[in-house]
Amino acid sequence: MKITGSSYVTVTDCALDYTSGGIFAYSTCDYVSVCSNTITNSYKDTGIYFETFTTSGIITGNTLTNIGNSTTSPSPLNPCGIYVNIPVSVITENTISEVGRNGIQVQGQSGSTGYGKTSFVSDNNVQNFMRGSADGGGIYGNAAWSDLTVQAILYPEGM
Amino acid sequence: MGRCDCDFESGVFPISESKISASDQSSTNITFAAVADTPAGYGFYIENLTADIDAAHEWACTTDGGAEVVTLQEDTGINPSTHTILGTIRDDGIVCATKSYIAINGLRFNTPGRMG
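Protein sequences, first through last, are from chains E and V.
The first sequence begins at 1 in our numbering and counts up one residue at a time.
The second sequence begins at 160 in our numbering and counts up one residue at a time.
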């Protein structure tokens, strides 16, 4: 599912199976919500990917299993269960397992963009991550944030 | 070495890719332009190269005299003519481009070419 240049988009209760990547929103989106979806066997790329938003996105209640395990690429960005690089994000109550790299990555670009600097990551269940990479984590932040909150249920079985 | 026009992809989205410009079967060397946004030391993988098919369920789609040909390695002992093989003709399940106030609910996407 590819969402570009669109705002006020909601994706709920969908099932994606055997995809290259899951739900991607980028190129100046805003107010995109991805809730209560199931993504399995996203064999090459990230399960849920938000980038280049004007302001905010919500990712909650999704179940992601077997994400990005078919590549050995240790790229710094992919493959992750959830990857966000937007100004404001809320990532809660997702269940993520069997991931090639990070379970959840909140990317914070340096400079004036402010991406990733106001994010709330809470009550996610992350298991068996870092299956194909050596640098990352279950919930992984990259750069400095002014207002990042992480409250996690984390099972570091992938380490 | 089979076809030389397979894609290199960095695994970073948006996908960076580079076409192979030359290959040498005897040395197994391949030549391609640098892949954008892929720092030195980071990985890549090769897609759609018939010669690299060496395990069950691997496949490639190539052209032969203008016709598209799918090459598939089956499980041992399986005759492809005994069952149906489905192929994807679209890259993405849904593309929502420059459309706002959209609700997508309750759909199932299975084996799209790229995104769900």
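It is worth saying that the hints were derived from the structure and are not from the lab.
Some hints here could point you the wrong way.
[What the hints assert, rightly or not] What follows is a set of in silico ranges between Cβ atoms, one per label pair, in the way DEER data are often shown:
(1) V/225 to E/38: 17 to 27 Å
(2) E/10 to V/185: 49 to 59 Å
(3) E/10 to V/241: 22 to 32 Å
(4) V/192 to E/131: 25 to 35 Å
(5) V/244 to E/123: 35 to 45 Å
Yeah, the Cβ is synthetic: ideal placement off N, Cα and C, and Gly gets one too.
(message) Range first: 25 to 35 Å. Now tell me if the beta carbons of residue 192 of chain V and residue 131 of chain E are that far apart.
(response) 30 Å, holds
(message) Just to be sure I understand the hint, the distance between the Cβ atoms of residue 225 of chain V and residue 38 of chain E should be within 17 to 27 Å; is that true here?
(response) 40 Å, violated
(request) Return holds or violated for the Cβ distance of residue 10 of chain E and residue 241 of chain V against the range 22 to 32 Å. (result) Because 43 Å falls outside the window, the suggested range is violated.
(message) Is 35 to 45 Å respected by the C-beta to C-beta distance linking residue 244 of chain V and residue 123 of chain E?
(response) With a Cβ separation near 42 Å, residue 244 of chain V and residue 123 of chain E satisfy 35 to 45 Å, so the hint holds.
(message) Taking the Cβ atom of residue 10 of chain E and the Cβ atom of residue 185 of chain V, is their distance within the range 49 to 59 Å?
(response) Given range 49 to 59 Å: holds, Cβ gap about 56 Å.
Comparing the model with each numbered hint stated earlier shows that hints 1 and 3 do not hold.
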